[in-house]
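Q: So the chains spell out like this:
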Amino acid sequence: MAHRNMVQAINSAMDIMLERDPRVVILGEDVGYFGGVFRCTEGLQRKYGEHRVFDTPIAEGGIVAAAIGLGVNGLKPVAEIQFADYIYPAFDQIVSELARLRYRTAGEFFAPVTIRTPCGGGIRGGQTHSQSPEVIFSHVCGIKVIMPSNPYDAKGLLISSIEDEDPVVFFEPKRIYNGPFDGDPHKPAVPWSSHAKGEVPDGYYTVPISRSEVVRAGKDVTVLTYGTMVHVTEAAVRVAGVDAEIVDVRTLVPLDVDTLCTSVCKTGRCVIVHEATRFSGYGAELLEAPIQRVTGWDTPYPHAFEWEYFPGPARIAAALKSVMEAS
Amino acid sequence: MTQRSRLHVPHPPARPGDKPDFSYVQISPAGAVGRPDVTAPARDIESLSLEMVRVLDDQHRAVGPWNPHLEPQDLQVGLRHMLLTRHFDDRMQRMQRQGRVSFYMKSTGEEAVSVGQGMALLPGDMLFPSYRNQALYIVRGRSLVDLMCQCLSNTKDMCKGRQMPVMYHWASGNIFSISGNLATQFPQAVGWAMAAAIKGEDRLAASWIGEGSTAEADFHHALTFAAVYQAPVILNVVNNQWAISTFQGFAGGEHRTFAQRGPGYGIPGIRVDGNDFLAVHAVTQWAAERARQSGGPTLIEHVTYRAAAHSTSDDPSRYRPKEEWQSWPLGDPINRLKQHLIGLGEWSEERHSALEKQLEAHVSACWKEAVSYGTLTEGPSLDPASMFEDVFKQLPAHLARQRDQLRALLRAQEGSAPKKAPEGLQSVAKEG
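Top to bottom, those sequences are chains A and B.
Its first residue numbered -13, the first sequence is counted upward by one per residue in this note's numbering.
Its first residue numbered 19, the second sequence is counted upward by one per residue in this note's numbering.
Just so you know, these hints were derived from the structure itself, not from any lab.
Keep in mind that this is a model prediction, so the values were computed, not measured.
Careful, some of the hints might be misleading.
25 Å max Cα-Cα, derived SDA-like pairs, lysine to any residue [to be verified]: (1) B:Lys217 <-> A:Glu94; (2) B:Lys217 <-> A:His37; (3) B:Lys411 <-> A:Ser196; (4) A:Lys33 <-> B:Val246; (5) B:Lys386 <-> B:Arg158; (6) B:Lys217 <-> A:Phe40; (7) B:Lys411 <-> A:Pro8; (8) A:Lys307 <-> B:Leu428; (9) B:Lys217 <-> A:Asp16; (10) B:Lys411 <-> A:Leu246; (11) B:Lys411 <-> A:Thr281; (12) B:Lys217 <-> A:Gly35; (13) B:Lys411 <-> A:Asp242; (14) B:Lys411 <-> A:Asp244; (15) B:Lys411 <-> A:Asp284; (16) A:Lys307 <-> B:Leu427; (17) A:Lys307 <-> B:Arg429; (18) B:Lys217 <-> A:Pro8; (19) B:Lys411 <-> A:Gly282.
Next up, chain A with everything else stripped away, as it sits in the complex (with noise of 0.2 Å):
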């Protein structure tokens, strides 16, 4: 057991997949001889070759597209994009493609892409290199999101993630690569090293995904976030003096509805805070009672089953009753 702040964290979890499992790769801009640009994945290529860690061209689209042709071809890379901000020329090669590409074979394809990438402000990076895109991800039925707020669920999350055989867009708060951060930035920066999840484990394990956890019990009021504002709302419950409880959702995809209702029914109140804009925002996911939303299933649009698929009137009609029931 060490400490380590959270690029330590997910170095070592690159790390130690690369050892275990010969199918693992990364690739990314400046990942190779440099380590890149967050150092993530310093030392790596020194380590396993450049046949598992190299460097690509600046083009997103063409690491995502090379990721998905990797995979199926029994691979499992790890592919980084510099900056979250920098992630939308791969976009139509992550909908459209790595997303459905199960889904559109019927199982006999797959690619199993872990997409690693920064997000998040807080650090002068304007609006090029501070963005929190995650719901754009969590929108697209067939990837799974995440987002840790610490090193120990870094680490074991990203474990996860490469492990898993569906596609996975990790996002990491850059923020809080470092240390904790409370919200206030004229404070002393405070290290990992001060908080229980900067305790990190030299070797394997994993943090299961879909599951979401309570970092602090209260009975007032749910708090329901993650990333970065995980920590800003521990700040903020000290600050208020009102019992929070606060729920780290950590993965947005597949979300753990169980965790949640069970803290927003025992504590009647519930707040939701995220990084990224409000307007159709994650939040609104979180939103359920007593509103109904009737909408097209979290698939891609079937050809055989578009009837099925499209919210039509009989669908409408039964949430309208639904609603007049419980008001």
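With chain A fixed as given, assemble chain B onto it according to the hints.
A: Using the frame of chain A, we list chain B on its own:
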């Protein structure tokens, strides 16, 4: 006079009512282009991207250094595959017109590309086709019944009703899934080939896109990654002159050949007569041998003509002369191979007619079997609840809930209305 710029909007040489004009197609005489060693450096063989590799001459004789010297039996197999593809396409088009399938895309006039290449590659080579390479399935022996069932979205549909017609896949036959989005498979094929090289295998990848799709960023990504990592991949641009209604000039074909894009990346580019079965076979063999010797990628431009509409939703008489195909200077690939075989004394008009009858009957029998597994509008049909499978490897809780909601809804509807084709299907079938 004031100097000012002027936007150039390309125009095809002929529109409906005009006399077809293919004078822009530069054609080398058969046998005139040299065949370099497969180890030749890319920079030494740039002329291959300007000329046109052709083997069959105007008298249908095989001439010159690219003649692959195939056995007559192989040529007969190639002819059979091409003819079967054409009959299959014609049948499926008719079935679409009858409303039995929602959509179809023919490959008429381009059969030599998929058949010639499919036969030149090894079974272990991984193919990343576009939507007009159905003949690859025929070369590799996939049953027509299976392809038809996919188009019908029926109970034996390999895609379980999830894809539009013609978007097949075949994992054990090493043919990758067809995407509805253009060119995405091109850089994926490069990634696959990179993995083959990482694992030290002798398998290679081949991929196909149309000349129109070379405008997509994926084309650039594919060529960049293929060149950087010297991936064992054959990247094919099927230049059939038309991308729905826009002629090849809208992809930049007025200024350079598509094969010439290869040398810009340091990749050999070969321009080949795409209607010459022997030439297509020969350049594919060359590129495959080069790739297997760690010589890296090759870009091949197949010069051909899209004789049919883009798809059943398209009407080419609105944008090009109806009789344009008859003026296409590179002819019909099936007729050219047929005449070559007749010239060799290995084929005859009688054998050809007999084969056509036999294939026609085969296609009919396959169709009859395929519809027995259901059509989009008549049973038996797939379980709609299956639409929730394969979004993820395991069904997550939210999809299980949605599946249960759909099942409850379907149960509630059962008996309340007679089963009929869902409203709106006809318009969808028309629009594709």
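Q: All hints, please: hold or fail.
A: Evaluation of the provided hints:
no., hint, in the structure
1, B:Lys217 <-> A:Glu94, "holds, 22 Å"
2, B:Lys217 <-> A:His37, "holds, 9 Å"
3, B:Lys411 <-> A:Ser196, "holds, 14 Å"
4, A:Lys33 <-> B:Val246, "holds, 23 Å"
5, B:Lys386 <-> B:Arg158, "holds, 22 Å"
6, B:Lys217 <-> A:Phe40, "holds, 15 Å"
7, B:Lys411 <-> A:Pro8, "holds, 22 Å"
8, A:Lys307 <-> B:Leu428, "holds, 17 Å"
9, B:Lys217 <-> A:Asp16, "holds, 23 Å"
10, B:Lys411 <-> A:Leu246, "holds, 24 Å"
11, B:Lys411 <-> A:Thr281, "holds, 23 Å"
12, B:Lys217 <-> A:Gly35, "holds, 13 Å"
13, B:Lys411 <-> A:Asp242, "holds, 17 Å"
14, B:Lys411 <-> A:Asp244, "holds, 21 Å"
15, B:Lys411 <-> A:Asp284, "holds, 14 Å"
16, A:Lys307 <-> B:Leu427, "holds, 14 Å"
17, A:Lys307 <-> B:Arg429, "holds, 18 Å"
18, B:Lys217 <-> A:Pro8, "holds, 10 Å"
19, B:Lys411 <-> A:Gly282, "holds, 20 Å"
Going down the numbered hints, you'll see the structure goes against none, and every one checks out.
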